[in-house]
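**Q** Spelled out from the first residue to the last, the chains are:
Protein chains: 2
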Amino acid sequence: MDQLTVILIVSFAVGILAFIVAWLLYRWLVGIKVENKRAIELSKLIREGSNTFLKREYRYLAYFSLVVACLILLFLPKPIWQGSVLDNITMTLAYISGTAFSGLAGKIGIAVATRANVRSAEAAAKHGISLSFLSGFRGGAVMGMAVVGASLLGVCAIYALTGDALALLGFSFGASSMALFAKAGGGIFTKTADISADLVGKVTLGMPEDDPRNPAVIADNVGDNVGDVAGMGADLFDSNVAAMAAALVMGISLDQQAGGNLNIMTVFCYATVGLLASIIGVGTARLKEGANPTRVLNFSTYVTTIVYLILTAGLTALFNFSWRVWGAAAIGLAVGLIIGLTTDYFTNDERPPVRTVAKMSKSGPAFTILSGISYSFISVLPAMLGIAVAALLSYTLCSPLGDGYAMYGIAMSAVGMLSIVGMIISNDAYGPIVDNARGLVEMADLGDEALEITDELDSAGNTVKAITKGFAIGAAGLTVISMLGAYMTEVNVAAVEQGIIKAGESLLEGFDIINPLVFFGLIVGAAVPAVFSAMLMRGVDRNAVRMVKEIHRQFDEIEGLKEGKEGVVPEYDKCISIATNGALRELIPAGLFAIVATIVVGFIGGVSAIGGFLTGNIVSGLLLSLFMSNAGGLWDNAKKYIEAGNCGGTGSEAHKAAVVGDTVGDPFKDTAGPSINTQITVVSLLSSLMASIFLAFSLFG
Amino acid sequence: MDQLTVILIVSFAVGILAFIVAWLLYRWLVGIKVENKRAIELSKLIREGSNTFLKREYRYLAYFSLVVACLILLFLPKPIWQGSVLDNITMTLAYISGTAFSGLAGKIGIAVATRANVRSAEAAAKHGISLSFLSGFRGGAVMGMAVVGASLLGVCAIYALTGDALALLGFSFGASSMALFAKAGGGIFTKTADISADLVGKVTLGMPEDDPRNPAVIADNVGDNVGDVAGMGADLFDSNVAAMAAALVMGISLDQQAGGNLNIMTVFCYATVGLLASIIGVGTARLKEGANPTRVLNFSTYVTTIVYLILTAGLTALFNFSWRVWGAAAIGLAVGLIIGLTTDYFTNDERPPVRTVAKMSKSGPAFTILSGISYSFISVLPAMLGIAVAALLSYTLCSPLGDGYAMYGIAMSAVGMLSIVGMIISNDAYGPIVDNARGLVEMADLGDEALEITDELDSAGNTVKAITKGFAIGAAGLTVISMLGAYMTEVNVAAVEQGIIKAGESLLEGFDIINPLVFFGLIVGAAVPAVFSAMLMRGVDRNAVRMVKEIHRQFDEIEGLKEGKEGVVPEYDKCISIATNGALRELIPAGLFAIVATIVVGFIGGVSAIGGFLTGNIVSGLLLSLFMSNAGGLWDNAKKYIEAGNCGGTGSEAHKAAVVGDTVGDPFKDTAGPSINTQITVVSLLSSLMASIFLAFSLFG
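Read top to bottom, the protein sequences are chains E and Y. Residue 22 is where the first sequence starts when you use the numbering used here, and the numbers rise one by one after that. Residue 22 is where the second sequence starts when you use the numbering used here, and the numbers rise one by one after that.
It should be emphasised that the hints constitute simulated quantities derived from the structure, not laboratory data. Errors might be hidden in some of the hints.
Put simply, identical chains are the same to the list, so a pair is met inside one copy or across any two.
Unchecked claim - Here are the simulated DSS-like pairs of lysine-lysine, each with C-alpha atoms no more than 25 Å apart in a straight line:
1) K595 x K58
2) K570 x K380
3) K58 x K583
4) K223 x K570
5) K595 x K223
Here the structure is a predicted model, which is why all the values come from computation and not from measurement.
Take the sequences, apply the hints, and build the full model.
**A** This is how it looks when you write it as structure tokens:
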């Protein structure tokens, strides 16, 4: 057996280990007994609501994927009448596997999260913060393990079966198109419910958060699961697969030139170690009574990071991998942490930005908005600088290794940044679980102490979320930068096949900004994320208006509901249904817009225009997603800071203004901002896959 | 005399004609008698306030320019100990002339605008809408003539005296650095005053707009003048000069290669005809009783456009210019109009976007903001598409003329777009004048009929303003795209001089996105406009907080002020002083940030990184300035639509929400959005000027 085979087997084994760990964590979790009937009943409503949404969403997406699969079968990698039928079938199957793995991970995440929430709630009431925390965290960790395990297994399997770069891109495209809709659909759902529940409940009627009389309260909790668990999981599954795929595409091409398998081995080794390190990191998380949950979450992240760096260094020495490539991965990881920390600066309520926004809110909502937008505009600078520096350094570091290594270095930097993604997802899914737990404590009336505990856990979730979101955006940014390299590789391969150039020559050496086609693509590509996110936000707007109307109807028509009469229950399912249907109706046009724009630009301007298009898309996508995610986090925490008794506290003018900010920030941070990530990845992958077609047919190119 | 000399003389003559026309219009204007004492007194206060601000601003800028001039003398175009001393002196003088001409145009504009306002007000009371309109329009036209006359005279003079491309860039840099501060400073001033006056007056105390009891009301009127007249004038002076300079830089280089003066002649001919067409357009403007003032303004614009196209076609035939270049100019002009019309769609209250935002406002301010942001994100698409298509078409059209003509084509497209700038400025300056007139009618109590007239004129001003703003952004976009070409030319010239390459060779053939230095610059450059605009908005925020405090202080301490007791007058000057000092204090860091970022990137990444930096800056700058300008216009008109009695009318919940939107939109559209234009131009010019230095010293480059 050669070394690559050994590594593949080990990778496979670690992928399966992740699922075993997930299973053990799940068994541990369901071993916690839940006794409160009301809590059980409510959590069942949430689980059923989540499953209903997921089922309907997956049905829609199955139709969509079927259409795409047929198109792939006919046209990709080459029109079926020109190339080999087998290639097209492989590509189609790779695409379908990508969607299936992504869907599976989402399904597992929801199944666990909707069981972990009620256990975290009861634990808070009966056993105190330690067990409550662990229930939430391990629930999240199941998702983390499932996502990273699935991505490693999927990529291993596709590579082992085909050894083909295009098939990997096809798998990644499947993951990515799934993520586009899962993130966007879940994002629209969750914010529709959240905004509507708050608007009628909190603002108009002055009810507390999670009041069971509010007809939208279950939908709100369902939203946390489908948006932040399933959606975010699909998003990071997508990023992780894309990073590996991009690195492998270039690694395969480099190894073909050099002989051997060194670069391919590096990718699998590093990715596998990342998963292993995450498993160890998850294992270390324990919360002692009185300790700060945020610290525990961050501590586990640091443990993962250090384990990762040590193990990869060991393997680099063992297998004689290049230290430069290790350096690129380490740079990626370091920059990821820096981006996370600067994000934290702009969204942490102990820092000036949140406090200033809270203070400005005393002058009214316009100032909440203006100061929040200003800070978030500023917040893009360190993150973008970090990405720019990471790209520059890893490129410069790996460039001496030979032609093509520079871009491979950037790809490995992205792999490095995403290496601890298992840990990141665990932290991320922890958030909605404890948020749900807080809701259940309130709705099932589990006592003030439990409310205090879950409040503290929830607040830690929010802080950590900001960091992981910054991380996710940074990783997506680096990944798609390296995708540019993968795209160029594909164009050159296609040019040789179409007889435009001879083998060994390059059609594209790069994308020259002065080339008008590149520039044309650049400007159009930059406009796409803005329009895409606007379509999603308008979706939330429209959907929320429908839902607000429904909530008012219930309060008007159901007697005794407003007064909280014993036994009177709102029609939760109607609100869930509105959110579900609305989300599905609104997400399709936005996703299609991004895809169609890419295809149109490709057929007009050809392969050069697409190079510009991807660049413009990355640049403006990074800018807008950082802006929107950070603005949302900032406003959310400014509101909480005021609710903690500052600047006049709850009910003051400042608080009302901060609620406006929070409402604006909600679709920013949970719908539009993070969806842009997946939009960029989808467009990048689609371009690589269609490179051959754009090369053959285009108006100007 | 050769043809070029004849054309230069004619250009000079037309430039002087513009000043003569301006003088005649001014004489006509001051011939209108003003009799109402209160109006005279108030208008004097506004004039004095404006002059105070201008004087202080110019003093600050004189210091700043002096420092820059010294640096230029020492280092540009080459360090003085390496190159010719004379070159450095020429460059310094060119720079100083650029600032001086810009300042002069601003001064003239203010002098006229602050006399036209009171005449428009009295005319509304005594003579009806026709004369009132003409007073406002001709007041604006003086500014238009002065700006375009000054730019044509300046460019002619610099070219005639030096014949040097770099000197033209130096002149343009002077205009541009002046515009950066004039636009930003004026923008901060005007929005500080506007927001504070509204917040305390309208929102808290329920006073009408322009109530004389409000201590900030004069500052608000001063702001219209210093922001929208002087600032916008400096901005368009800058764009106009930059477009001519970029076209001339490339024209000079093309003519040197081909022999003859054809390309240089084309630039001067087209620019001169543009001014002539604007003079004719201004002459045609008449408002009949009962006619729609918006139509009249648009009609004059169309007249100018048609006259321009016919005359340039005639001259193209006469002098045997290339029809392809004429085509590029025509494309630019057409696209400018298209951008203007799409902007109008998103900000006109007869179209769905404004009406939807007004309707959404019924659900509260968060929905005003969200829907407004969504529409404005969408609004960037047609404008960016327009710019992309204009660049692509004019490039493709002129490319067959030979090497280097493609970029020259884009530059001529920008010249075409800006050809009718005289008309654009007239329309633009008309806005603040009639806005002021409305204020004077209200404050001097000139009667309801006059109020109705000035209201109608003001509303036309707002509609037209949206269009001209779109035009200005589009023109700046195209200009800086062609600046990329100018920059590359300068780098190659410098490389020959520094002995890096031989004469006839090129160091840079373009900017490859795959080059990590270019990419590094690209991402950093994209973040700059976001931070720059955030700094300006934070300036407005901070300043407004100070001013709100002062207004409250006056209402609290000055007895009888709130009640409007006879003879009690607020301390207007204190508010003016706060706005002035705050604006000057806040504008310097923002301007310096953009300049320093450019220099740092240049010294780190060298000439390639700067190529990327400029591109990123253009792309994200266009995106953000279109977004912010359109959002501001949209919210402004949504508020007015509600005030006209829709969606509940003034005082309703929808109205309160719309006021929040308008307040957020104010610094968007009048401070940050349009300032980004000038930021982009400054950075482009600075890069071209420092090309030689970046080539000689840089860390990675």
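**Q** Each of the hints needs a verdict: does it hold here or not?
**A** Going down the list of hints, with the structure as the test:
With identical chains, the CA atoms of K595 and K58 are at most 25 Å apart within one copy only, with a shortest distance of 23 Å there and 67 Å across copies. Taking identical chains as interchangeable, the C-alpha atoms of K570 and K380 lie at most 25 Å apart only when they sit on different chains, with a minimum of 14 Å there against 33 Å within one chain. In this assembly of identical chains, the alpha carbons of K58 and K583 lie at most 25 Å apart only when taken from the same copy (23 Å versus 61 Å across copies). Taking identical chains as interchangeable, the C-alpha atoms of K223 and K570 lie at most 25 Å apart only when both belong to the same chain, with a minimum of 15 Å there against 31 Å between chains.
For a Cα distance limit of 25 Å, the shortest separation of K595 from K223 inside one copy, 20 Å, qualifies, whereas the shortest one across copies, 42 Å, does not.
This entry satisfies every hint, going by the numbered hints stated previously.
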